[in-house]
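Peer 1: Sequence:
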Amino acid sequence: MIADPIQLEAVYATEGPVRVIAGAGSGKTRTIVYLLADLVEEGVDPSSILLLTFTRRASQGMLQRASALFGEGRVLGRVQGGTFHAFAYGMLRRYTPEGWPESLTVIDSSDGESLVLEATCEPGCGKEDRSFKE
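In the UniProt record's numbering, the protein residues as written are 1 to 134.
These are calculated hints, taken from the structure and not from any lab test. Given the structure is predicted, the values throughout are model-derived calculations rather than measurements. Since no wrong hints were added, every one of them can be taken at face value.
Here are the simulated distance ranges between beta carbons:
# : residue 1 : residue 2 : range
1 : Glu41     : Leu92     : 29 to 35 Å
2 : Pro101    : Ala68     : 40 to 46 Å
3 : Gly99     : Arg30     : 43 to 49 Å
4 : Asp45     : Leu8      : 21 to 27 Å
5 : Gly43     : Ala119    : 48 to 54 Å
6 : Arg56     : Pro97     : 25 to 31 Å
7 : Leu92     : Glu118    : 19 to 25 Å
8 : Gly61     : Pro5      : 23 to 29 Å
9 : Ala68     : Ala119    : 47 to 53 Å
Idealized CB from N, CA, C, for every residue including glycine.
Make a model of the complete structure from these sequences and hints.
Peer 2: Printed below as a string of structure tokens:
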């Protein structure tokens, strides 16, 4: 159980989004899992809960802990969760604006650098001219 009053405040929040920010080892995951448990016990449909984190590992860990509290099928398969990046990418793919290509590609930093270099390279410059100045 959770004894910290600030964490309990987050656990019993039922209106609107809840954001938990704290340092490593402070109980963020436990707080969020208990919030999830409290919401489901209060009758909130698990499929209406969105759990976002920065890493896949954290997301999977939270969903696994929630499953341990409720039993495998009751929560894990119905809570929507993942990383902020995966969620945003999924929304872009699902709700692609009209006129955009159907297949979206997310570029990495190397691709981004290449695009900037290509856009800033004057006509006639070669690959050897495409480097950032130190």
